[in-house]
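Colleague: Given next are the chains, with one letter for each unit.
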Amino acid sequence: MRTGTVYTETIVRAAPERFASEAPYQVIIVSLDGGGRVTARVQGENVAIGDRVLEAEPRAGVPWFRKLTD
Amino acid sequence: MSYGRQVTVIGAGKTPFGSFPDKDLRTLAVEAGRKALANASMGSEAIEAFYLGNFAGPEFVEQNHLAPYISSALGIAGVPSTRFEAACASSGAAFFHAFMAVASGVYDAVMVAGVEKMTSQPTPRVTEILAGAGDCATEVKAGSTFPSLFAMIARRHMYDFGTTREHLAAVAVKNHENGALNPDAQMRKVITLEQAMNGRPIADPLNLYDCSLISDGAAAVILCAAERAREFTDKPVRVLGVAQASDWVGLDQKPDITTFAAVRGAAAKAYEMARLGPKDIDLAEVHDCFTIAEIIALEDLGFVERGRGGFFSFEGGTRRDGPKPVNASGGLKSKGHPVGATGVGQICDLVQQLRCEAGERQVKKHSTGLAQNLGGTGASCVVTILGRD
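As given, the protein sequences belong to chains A and B, one line each in that order.
Be aware that the first sequence starts at 1, since it is given in my numbering, and climbs by one per residue.
Be aware that the second sequence starts at 1, since it is given in my numbering, and climbs by one per residue.
No lab work stands behind these hints, which were simulated from the structure alone.
Pair ranges (Cβ atoms, derived):
1) Asp33/A <-> Cys136/B: 22 to 32 angstroms
2) Pro21/B <-> Gln43/A: 37 to 47 angstroms
3) Gly132/B <-> Gly35/A: 21 to 31 angstroms
All C-beta atoms in this analysis are idealised placements derived from N, C-alpha and C, irrespective of residue type, glycine included.
Kindly generate the complete structure, drawing on both the sequences and the hints.
Modeller: Shown next, in the form of structure tokens:
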């Protein structure tokens, strides 16, 4: 599973129609350790810029990450 | 590089921006086009080509093939009529290409119009249609909306440069103050810093007051070869420079999201063409689709140093009586943002200022004006510099 650092994040409170039932939810851009960035959702606790994250199971083709605690 | 003949704007016309349930897309566009023709003292028979900016007519009103649909109704049937789509920079892109055609000598007089009819759809559907200007296979699929993409930009700008929530709010307060003086603005309402700080949360850190409006509206201008302009008007406005640039659509593909490469690219070319620099610009209409976008525009256009846009705004630098008046019209925030009409709408606002016809909103120094029209999260940008002829 990929790891990375949170580059930026937001909590979506006004969601489009098809995500309305999930709001509010966090969307992040992760700078991957292997290079490149990916837009992802967050499993569990919310994250902040600079937090280390580990990839979780993707859902419906969307990458999900969770906070990496040491 | 040669830019061909000199080109002028000889007429400009807009509908008010707002919610107009009894006016369809074509009615709005025709109204703006007729105003532009009247403003130029020109008949429709003199128009040799029609350039239309529109983002999502097919989704918003279920009508495609929009350019001839509108030009015929304007009485300029028979001429080449083409729609340009570049998200919120659609009519800026139409303007750029129309300019090229006149500068090259192909045409002497053309009309550029922009139109969008958005309020016929409920807000969640509008949000979904607008999201189509992002990368649908990645960021949109993950649940991003346009406010949330700009929210992520704002978060990073705050993290990198110390931009604050108050800085964002100051942009909204200033634009509402200007818009309150604009009879054609959608929201003519002064707001306080406290109100702007505490709007309904949309995507953290952005609230309702950080977001531009959902609007219906149209705008049109007539471009004419400078050598023929005075056959029609004694107040032509010269296009000193205009350039368009592009970048990745997906926010996660950009190396740095706190600056827009397409804005810097288009600005550099437009400045070079006009032989002017940021210091020579008296006033600007910039693309404040979100408050953070205005802050970054100030930086990318070279009005302030990188990271200083928020501080400059908070200190009043962009007020009508400040050193660099920005969005004296009220901006997208207060004037309204019918996306396909916005680029040409900005040109109309500048023409009014340069002709000293902006009434209570008139800024003191008005020899040169710059318009910056942005598409998506900076995947398209058109920068135009106008000067008194």
